[in-house]
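If you read the protein sequences in the order shown, they are chains A and B. This note's numbering applies: residue 1 is where the first sequence begins, and numbers increase by one. This note's numbering applies: residue 118 is where the second sequence begins, and numbers increase by one.
Rather than coming from a laboratory, the hints here were simulated on the basis of the structure. Quantities reported herein were computed from a predicted structural model and do not represent experimental measurements. Don't take each hint at face value.
Stated by the list, open to error - Restricting the straight-line Cα-Cα distance to at most 25 Å, the calculated cross-link-like pairs of lysine to any residue (SDA-like) are:
| id | chain 1 | residue 1 | chain 2 | residue 2 |
| --- | --- | --- | --- | --- |
| 1 | B | K256 | B | G285 |
| 2 | B | K246 | B | K307 |
| 3 | B | K307 | B | A253 |
| 4 | B | K146 | B | S134 |
| 5 | B | K307 | A | T15 |
| 6 | B | K307 | A | T92 |
| 7 | B | K256 | B | W272 |
| 8 | B | K307 | A | H22 |
| 9 | B | K256 | B | M274 |
| 10 | B | K307 | A | N62 |
| 11 | B | K307 | A | G90 |
| 12 | B | K307 | A | R9 |
| 13 | B | K307 | A | A37 |
| 14 | B | K307 | B | T152 |
| 15 | B | K307 | A | A41 |
| 16 | B | K146 | A | S18 |
| 17 | B | K246 | B | T152 |
| 18 | B | K307 | A | G65 |
| 19 | B | K307 | A | I14 |
| 20 | B | K256 | A | G90 |
| 21 | B | K146 | B | L238 |
| 22 | B | K307 | A | L7 |
| 23 | B | K307 | A | E67 |
| 24 | B | K146 | B | A253 |
| 25 | B | K307 | A | E16 |
| 26 | B | K307 | A | G32 |
| 27 | B | K307 | A | D30 |
| 28 | B | K256 | B | T284 |
| 29 | B | K307 | A | D44 |
| 30 | B | K246 | B | S210 |
| 31 | B | K307 | A | A106 |
| 32 | B | K146 | B | G176 |
| 33 | B | K146 | B | A282 |
| 34 | B | K146 | B | K307 |
| 35 | B | K146 | B | E184 |
| 36 | B | K307 | A | A34 |
| 37 | B | K307 | A | S18 |
| 38 | B | K307 | A | E63 |
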Amino acid sequence: MLSHTRLLRESARITERSVDLHAVADSTVDSGLAGGAALVAFTDAAVTGSGGLAIARTRLRNELGAEALVDAAGVVGTFEMMNRVADATGFTEGTQSRIEDAELIADLGFDRFDHAN
Amino acid sequence: MSRSLDATDLPIPFAVSTGIIEQWTRLAKPGTWWTAAATIAIAHQARRASDGEAPEARGDLPEVVAEAAQVVPASPTTIRRAWVEELVASALSYEQYVELVGTVSVVVGIDSFHRGIGAALEPLPNPTKGEPSGEAPPKPLQLRDAWVPMPDRAWIMRALALVPAQTGAIEDVQSALYVTGPEFPVLDLKRGLDRTQMELVAARTSFLNECFY
Numbered sequence: 001m002l003s004h005t006r007l008l009r010e011s012a013r014i015t016e017r018s019v020d021l022h023a024v025a026d027s028t029v030d031s032g033l034a035g036g037a038a039l040v041a042f043t044d045a046a047v048t049g050s051g052g053l054a055i056a057r058t059r060l061r062n063e064l065g066a067e068a069l070v071d072a073a074g075v076v077g078t079f080e081m082m083n084r085v086a087d088a089t090g091f092t093e094g095t096q097s098r099i100e101d102a103e104l105i106a107d108l109g110f111d112r113f114d115h116a117n
Numbered sequence: 118m119s120r121s122l123d124a125t126d127l128p129i130p131f132a133v134s135t136g137i138i139e140q141w142t143r144l145a146k147p148g149t150w151w152t153a154a155a156t157i158a159i160a161h162q163a164r165r166a167s168d169g170e171a172p173e174a175r176g177d178l179p180e181v182v183a184e185a186a187q188v189v190p191a192s193p194t195t196i197r198r199a200w201v202e203e204l205v206a207s208a209l210s211y212e213q214y215v216e217l218v219g220t221v222s223v224v225v226g227i228d229s230f231h232r233g234i235g236a237a238l239e240p241l242p243n244p245t246k247g248e249p250s251g252e253a254p255p256k257p258l259q260l261r262d263a264w265v266p267m268p269d270r271a272w273i274m275r276a277l278a279l280v281p282a283q284t285g286a287i288e289d290v291q292s293a294l295y296v297t298g299p300e301f302p303v304l305d306l307k308r309g310l311d312r313t314q315m316e317l318v319a320a321r322t323s324f325l326n327e328c329f330y
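Build the full structure now, drawing on both the sequences and the hints.
Structure follows, in structure tokens:
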């Protein structure tokens with residue numbers, strides 16, 4: 001989550017938009033992005049399998065369109081794959097990355113998931 | 118178009134449908150360290166795990182391999198170095214483990230895409246006959262901080278470098294479903310979603326999976 005939270009931050013910066021990174025760790029926080037709540041609801045339903053995927057899919061399609069739904073499903077699928085590659089191989093972020101983003105890691109509570117160490 | 122994606126009314130990009138077909142075609146062929154029959158059996162067990170079902174005794178995989186094919190998709194955050202070391206000491210080579218991880222992860226990712234868009238899962242292909250290639254990486258790899266041999270200071274796309282075909286597979290899936298290599302540094306990319314929206318989904322997915330990376 002660290003790598004792509006960084007990319008989220010940088011992408012917002014270069015497109016001159018404001019994003020609240022706390023939305024990554026707290027679904028009640030408004031990211032500030034167009035359709036952000038629908039994207040988070042879709043992601044949560046798709047990843048947790050706890051129900052509500054059909055409703056979340058319809059909401060996302062209505063708010064952002066069919067192409068956005070396909071893109072969102074593709075991103076979820078990619079990271080369902082990559083997260084397993086990382087977990088199963090013991091891949092970790094380098095020490096330098098941890099130092100550079102220590103404040104971000106602490107602020108969003110990511111360090112509690114660092115089970116590879 | 119794949120059989121499953123054929124039935125949807127959604128605008129599936131050509132690169133997505135062909136990317137998925139290519140992966141299924143690859144799975145049906147002998148791998149680097151597993152036969153095609155074993156690869157499909159591993160994929161089958163991974164699907165059962167994703168559906169919350171126990172390993173199925175089919176006689177085509179040792180029990181410990183069937184269990185490993187379930188742990189990676191269903192409870193990856195429980196995996197520790199000691200578990201991998203025990204698996205490698207008792208049942209598999211590192212190369213076979215890395216190929217299993219790649220196969221399972223690709224199937225999980227593609228199945229997740231189908232579920233996300235509301236499509237039926239693509240039926241697993243029938244395996245073809247033939248022997249694994251045994252292709253080694255271009256340079257010998259050492260066991261370092263990670264749990265499998267990988268290049269020094271590797272990035273995530275090289276985590277499966279011990280089996281080059283698996284690196285190619287995850288790169289191809291990422292290109293089809295997320296962004297291509299050349300698109301990766303383009304942070305103002307705009308498609309159905311813009312890149313910022315894509316990264317919100319990527320980061321949230323990893324958070325829910327408790328994946329620090």
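Now for the hints, and whether the structure bears them out:
1. B/K256 <-> B/G285: holds, 16 Å
2. B/K246 <-> B/K307: violated, 43 Å
3. B/K307 <-> B/A253: With a Cα-Cα distance of about 39 Å, the restraint between B/K307 and B/A253 is violated, given a limit of 25 Å.
4. B/K146 <-> B/S134: Satisfied, since the Cα-Cα distance of roughly 19 Å is no more than 25 Å.
5. B/K307 <-> A/T15: holds, 11 Å
6. B/K307 <-> A/T92: violated, 30 Å
7. B/K256 <-> B/W272: Holds, at about 17 Å.
8. B/K307 <-> A/H22: holds, 23 Å
9. B/K256 <-> B/M274: Holds: B/K256 and B/M274 sit about 16 Å apart, inside 25 Å.
10. B/K307 <-> A/N62: holds, 19 Å
11. B/K307 <-> A/G90: violated, 33 Å
12. B/K307 <-> A/R9: OK: B/K307 and A/R9 at ~16 Å, within 25 Å.
13. B/K307 <-> A/A37: Between B/K307 and A/A37 the Cα gap is close to 19 Å, so the pair holds against 25 Å.
14. B/K307 <-> B/T152: Given pair B/K307, B/T152 is violated - Cα atoms ~41 Å apart, limit 25 Å.
15. B/K307 <-> A/A41: Satisfied, since the Cα-Cα distance of roughly 21 Å is no more than 25 Å.
16. B/K146 <-> A/S18: Given that 25 Å is the threshold and the Cα spacing comes to 48 Å, the pair is violated.
17. B/K246 <-> B/T152: holds, 8 Å
18. B/K307 <-> A/G65: holds, 14 Å
19. B/K307 <-> A/I14: holds, 13 Å
20. B/K256 <-> A/G90: At roughly 21 Å apart (the allowed maximum being 25 Å), A/G90 and B/K256 satisfy the hint.
21. B/K146 <-> B/L238: holds, 20 Å
22. B/K307 <-> A/L7: holds, 15 Å
23. B/K307 <-> A/E67: holds, 11 Å
24. B/K146 <-> B/A253: Roughly 18 Å between the alpha carbons, so the hint for B/K146 and B/A253 holds.
25. B/K307 <-> A/E16: Distance ~14 Å between B/K307 and A/E16 Cα, so the pair holds.
26. B/K307 <-> A/G32: holds, 18 Å
27. B/K307 <-> A/D30: Within the cut-off at roughly 21 Å; holds.
28. B/K256 <-> B/T284: holds, 14 Å
29. B/K307 <-> A/D44: holds, 23 Å
30. B/K246 <-> B/S210: With Cα atoms ~22 Å apart, B/K246 and B/S210 stay inside 25 Å; holds.
31. B/K307 <-> A/A106: It is violated: about 31 Å lies between the C-alpha atoms, which goes past 25 Å.
32. B/K146 <-> B/G176: Distance ~20 Å between B/K146 and B/G176 Cα, so the pair holds.
33. B/K146 <-> B/A282: holds, 12 Å
34. B/K146 <-> B/K307: Measuring from Cα to Cα gives roughly 36 Å; hence the hint is violated.
35. B/K146 <-> B/E184: holds, 23 Å
36. B/K307 <-> A/A34: holds, 13 Å
37. B/K307 <-> A/S18: holds, 17 Å
38. B/K307 <-> A/E63: Distance of about 17 Å is within 25 Å: holds.
The structure fails hints 2, 3, 6, 11, 14, 16, 31, 34 (numbered hints given earlier, in ascending order).
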